[in-house]
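Since the structure of chain A is provided, determine the placement of chains B and C on it from the hints.
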Amino acid sequence: MGLKGRDLISIRDLSREDIEEVLRASRRMLPLAVGGKVNRGLAGWVLTLAFFEPSTRTRLSFETAMLRLGGACVTIADPASSSTKKGESLHDTTRILSGYGDAIVLRHPNEGAARLAAMASDKPVINAGDGAGQHPSQTLIDLATMHEAFGTLTGLKVVLLGDLKFGRTAHSLAHALGVFGAELVLSSPPSLALPEEVREHLDQVGAKVSDADQLHQAIRDADVLYVTRIQRERFGDDREYQKVAGSYRIDNAVLAGAKDRLIVMHPLPRMGEIAPEVDGSPHAAYFRQAALGVPVRMALLSLMLTGKAG
Amino acid sequence: MGLKGRDLISIRDLSREDIEEVLRASRRMLPLAVGGKVNRGLAGWVLTLAFFEPSTRTRLSFETAMLRLGGACVTIADPASSSTKKGESLHDTTRILSGYGDAIVLRHPNEGAARLAAMASDKPVINAGDGAGQHPSQTLIDLATMHEAFGTLTGLKVVLLGDLKFGRTAHSLAHALGVFGAELVLSSPPSLALPEEVREHLDQVGAKVSDADQLHQAIRDADVLYVTRIQRERFGDDREYQKVAGSYRIDNAVLAGAKDRLIVMHPLPRMGEIAPEVDGSPHAAYFRQAALGVPVRMALLSLMLTGKAG
Amino acid sequence: MGLKGRDLISIRDLSREDIEEVLRASRRMLPLAVGGKVNRGLAGWVLTLAFFEPSTRTRLSFETAMLRLGGACVTIADPASSSTKKGESLHDTTRILSGYGDAIVLRHPNEGAARLAAMASDKPVINAGDGAGQHPSQTLIDLATMHEAFGTLTGLKVVLLGDLKFGRTAHSLAHALGVFGAELVLSSPPSLALPEEVREHLDQVGAKVSDADQLHQAIRDADVLYVTRIQRERFGDDREYQKVAGSYRIDNAVLAGAKDRLIVMHPLPRMGEIAPEVDGSPHAAYFRQAALGVPVRMALLSLMLTGKAG
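Keeping their order, the protein sequence lines are chains A, B and C.
The opening position of the first sequence corresponds to residue 69 in our numbering, with each subsequent residue numbered one higher.
The opening position of the second sequence corresponds to residue 69 in our numbering, with each subsequent residue numbered one higher.
The opening position of the third sequence corresponds to residue 69 in our numbering, with each subsequent residue numbered one higher.
Note that the list lumps identical chains together, so a pair holds whenever it fits in one copy or between two copies.
The list that follows gives simulated cross-link-like pairs (lysine-lysine, DSS-like), each with its CA atoms no further than 30 Å apart:
id: 1; residue 1: 327; residue 2: 311
id: 2; residue 1: 225; residue 2: 327
id: 3; residue 1: 276; residue 2: 327
I should point out that these hints are in silico values taken from the structure, not numbers from a laboratory.
Note that the coordinates shown come from a computational prediction; the quantities given were computed from them, not determined experimentally.
Same shape as in the complex, but just chain A (with noise of 0.2 Å):
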């Protein structure tokens, strides 16, 4: 059925039809995501991005997405400058800029507030984070950055290490890997364990699902280590938060075991997690992951608004 004019609030709203047309897409845009390279895809298009959290990297990658398209901008870039303020709804507010631009890019707060706004808003709604929520853009960049290093997602052995409780990019990850064929296997502090409903949920969707007894072994079987940051304002207690935190680093030494192919990634920003020396070391994906977020974008916004990428 295609993307063209459809919101997407979660992951789960997507085929894996859908997400192998953005995947598609996204190789297509590559060589478009390079300074001086003219394109018109998205000319005339006007998307608004309503950031009532902040979140630069987000903020930016979607920007520069449309950009590169051709396509232009309108931002608030922060809640303090908004309507807000004055104790307008959501839901008002939805739908005055729905009737500006052509596409609404949220980030909010509160989980849930990306639905509402999808159900405001007459024109197409992408989820960039509703608090605990979804951030469904980030799991797509997270399978792009795996399928240009693998050339495929199926049968990838992925290691989820750290916070997989709170995490949603960890849930819907680890759902989109299940959908594709990729086998999981779990690290992370028993504290920060996956919930139990999401575990059914992969079940479900038939992901092969297991528990890694030991990080070092699950490393050397390993095509991903997928490193996730672990929220300080989780934890009541700091030094609740120091003890889990530095219970799990990844530098070159934990990594002298692993398979030359495997690759490191994070959804950034990262804190002690991952050493400053894994940077040099052809392990180190995070950072292309990073920028892959601008070419994805791209796909994902030019198949939203107009049917169509490259």
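Only chains B and C this time, still in chain A's reference frame:
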């Protein structure tokens, strides 16, 4: 004489002919204010938006207007990120900004700021709100909304409801409607009645003005019900505010006796003045009114910068 | 060797030939820096403005420059809306940003930040101010203003007045003028004199430097009077600040004995250093200086991104 190169500080700066030109141009802009329509009418022009007080909807609809015509924008969205913090005068700031882009849209907390800025600038200045002062492009949008609905302004019966004392939009709109020969019916809490000098001015321009005895009766005869927001910050005492604010609230029951063709308008954001159930009614015109901000501002910018519109 | 692909961190990164190339290109940009002039020289290029400290005029004039050449901008205007709040290092932030757009204009409160960012970025970085450090594009604008007025820099007699200790613009300008064979006359309160190491550096580049005995006498002989702002924040004691700040104030009486061709410059914002009455004098060049920010930055961006300018 046309609008090219002129400032727009108050709606009174515009003659009836000027306003008619904007309304005609706005209608021509309607088919251009949609996604994927490439227009280069303002290619090569740069608009500076200097918002020393946040106003998301005004800023974004001006920006969208400029971008839809192939123009470009540079924006101060937030007073906190501006040099005024360093103690620079508005005169100096405006004079410097007028050396960059080709026109300035100014929003400022202080009444009279726009007139002062226009004196400092050698490029056109558009007042997008200065304290309790003017906001003329809002009035043009209000007129365009009525004109779209009825094909004329002359002879329309318009009920102005709410804060007619402090509400700057109401004063500007009353003036413009008076000039076009509409009939004004005023309905406000006694403490928020139209100031005597505004009333005298309306007499001078030959406006037909009366007071609503009963809101129900006034609505029954009206073509337009224009609701304004009662601003909490105008009341020292919150109980006083609650009493006044609660004294009028438009819902479907209130609108039951209205003519079929009645439209309900509101400059938004609304608080409790219009019940959400009205959104689904054929009377609701306030979201359409907001959306018309883009084509009306396209017309205005085009006429002010190039002297032409489409 | 040309500027293409190089960083611009300090004015000392540029040879005399580099600066002459920017000045020539700036003159070619002048007729393109006007409304309605369509230029596509930077079409397809995206500039990232990362302002971790607000600076409205610098940001807006870079943005205007980019847009006037058909380029596009993505902007962090305000540190509050950035990921640095989450504790990310400048290295990581810059590295990620360099994966999006094609060059980075960085403003940062910490001295040395721009050099650090340039090491992290694989795209050109322009330093738009880092603490008490450099701001080289301001110096290029200063030179362009003098060059426009006199057709040359060699042999000009330039009085530098004000804070010559902390003012970064004064140090960079003194270096560049020295390289071009201008004659420098220094006038500052004793507590704000030019640091000894800057003076030694000026000797090394062969600059002619002297101290003004009397400001009146220095102005009488000068071609350029360059006034800098005395920053209140440099003084612990407000009375000390008031005493020093009051010790020089340029008004028409002070300028009465000057040569006809003297120009008064100031990097702005000014506080009380130049009386408003001077604005109307033929000596006043500070608003022209501000306006030249756009064509000079058009030249700089064009040369750095494409190696060509017009």
